[in-house]
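First to last, the sequence lines map onto chains A and B. Using the working numbering, the first residue of the first sequence is number 421, and each one after it goes up by one. Using the working numbering, the first residue of the second sequence is number 2, and each one after it goes up by one.
None of these hints come from the bench; they were simulated from the model. Here the structure is a predicted model, which means the values were calculated and not measured. It is possible that some hints are incorrect.
[Claimed, not checked] Computed, partial: chain B to chain A, Cβ under 7 Å:
1. M8
2. E9
3. G10
4. L14
5. Y40
6. K99
7. K104
Note that the Cβ used here is the ideal one computed from N, Cα and C, for glycine as well.
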Amino acid sequence: KAGVTQTPRYLIKTRGQQVTLSCSPISGHRSVSWYQQTPGQGLQFLFEYFSETQRNKGNFPGRFSGRQFSNSRSEMNVSTLELGDSALYLCASSTSETQYFGPGTRLLVL
Amino acid sequence: GDSVTQMEGPVTLSEEAFLTINCTYTATGYPSLFWYVQYPGEGLQLLLKATKADDKGSNKGFEATYRKETTSFHLEKGSVQVSDSAVYFCALQTRDDKIIFGKGTRLHILP
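All chains should be built: construct the whole structure from the sequences, respecting the hints.
Pasting the structure below:
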């Protein structure tokens with residue numbers, strides 16, 4: 421069974437731009453969660469989608485948004501990028517008990 | 002709110018040494034507990050988990066026991082290898098299914 425895939429793997433943007441990251445979950449998994457990983461803050465929960473509906477949300481500003489499609493693929497969008505948005509963005513798809521993570525998208529904001 | 006505290010790193014050990022990485026948690030009720038591992042340049046991989054008190058999770062020689070009385074889930078391995086060098090994250094699953102992670106512990110194993 422294929423694992424969680426994320427595209428692109430690396431991205432460089434400048435301040436003020438927007439970015440869209442994509443995540444394809446494991447086949448049959450309907451829940452997709454997004455996390456931001458930085459050296460200073462560690463792993464922080466962004467949001468979770470289940471059957472195209474946002475089910476949980478972390479404490480991030482409205483510039484961070486997401487959506488899920490009917491095939492369970494998910495995208496997250498960050499608008500008006502700031503230097504502090506530079507991070508590894510991880511996506512995880514889950515069964516009821518366990519999350520499986522993708523390799524992440526490394527975003528660098530210049 | 003729910004939280005996870007794990008020992009600060011980096012932890013440096015020689016090959017074949019005994020490993021313990023401490024993890025304690027604060028949570029409402031009895032959450033499921035996890036250890037994840039992150040190798041350089043990669044995402045997180047589930048290492049082991051335990052879903053109720055006194056459960057022992059184990060995988061690849063690593064073990065952790067869910068201790069309700071001490072709210073702990075310490076990771077242990079009897080004989081580490083160079084290939085175990087990575088960052089290890091303790092985590093819990095909240096009542097509303099969020100995953101809360103500890104800050105991570107970087108482990109270096111010297112040959």
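Each hint tested on the structure:
1. Restraint check, M8 (chain B) versus chain A: the minimum CB separation of about 14 Å is more than 7 Å; hint violated.
2. Using the Cβ-Cβ criterion of 7 Å, the hint placing E9 (chain B) at the interface with chain A is not satisfied: the shortest such distance is roughly 12 Å.
3. A least Cβ separation of about 12 Å between G10 (chain B) and chain A goes past the 7 Å threshold, and the interface hint is therefore violated.
4. About 23 Å separates the beta-carbon of L14 (chain B) from the nearest beta-carbon of chain A, more than 7 Å, and the hint is not met.
5. Residue-level restraint check for Y40 (chain B) is violated (minimum Cβ-Cβ distance to chain A is 10 Å; threshold 7 Å).
6. Interface hint at K99 (chain B): satisfied, since its Cβ lies 5 Å from the closest Cβ of chain A, which is below the 7 Å cut-off.
7. For K104 (chain B), the interface hint holds, since its Cβ comes within 7 Å of a Cβ in chain A; the closest pair sits about 5 Å apart.
Consistency note: the structure conflicts with the earlier hints numbered 1, 2, 3, 4 and 5.
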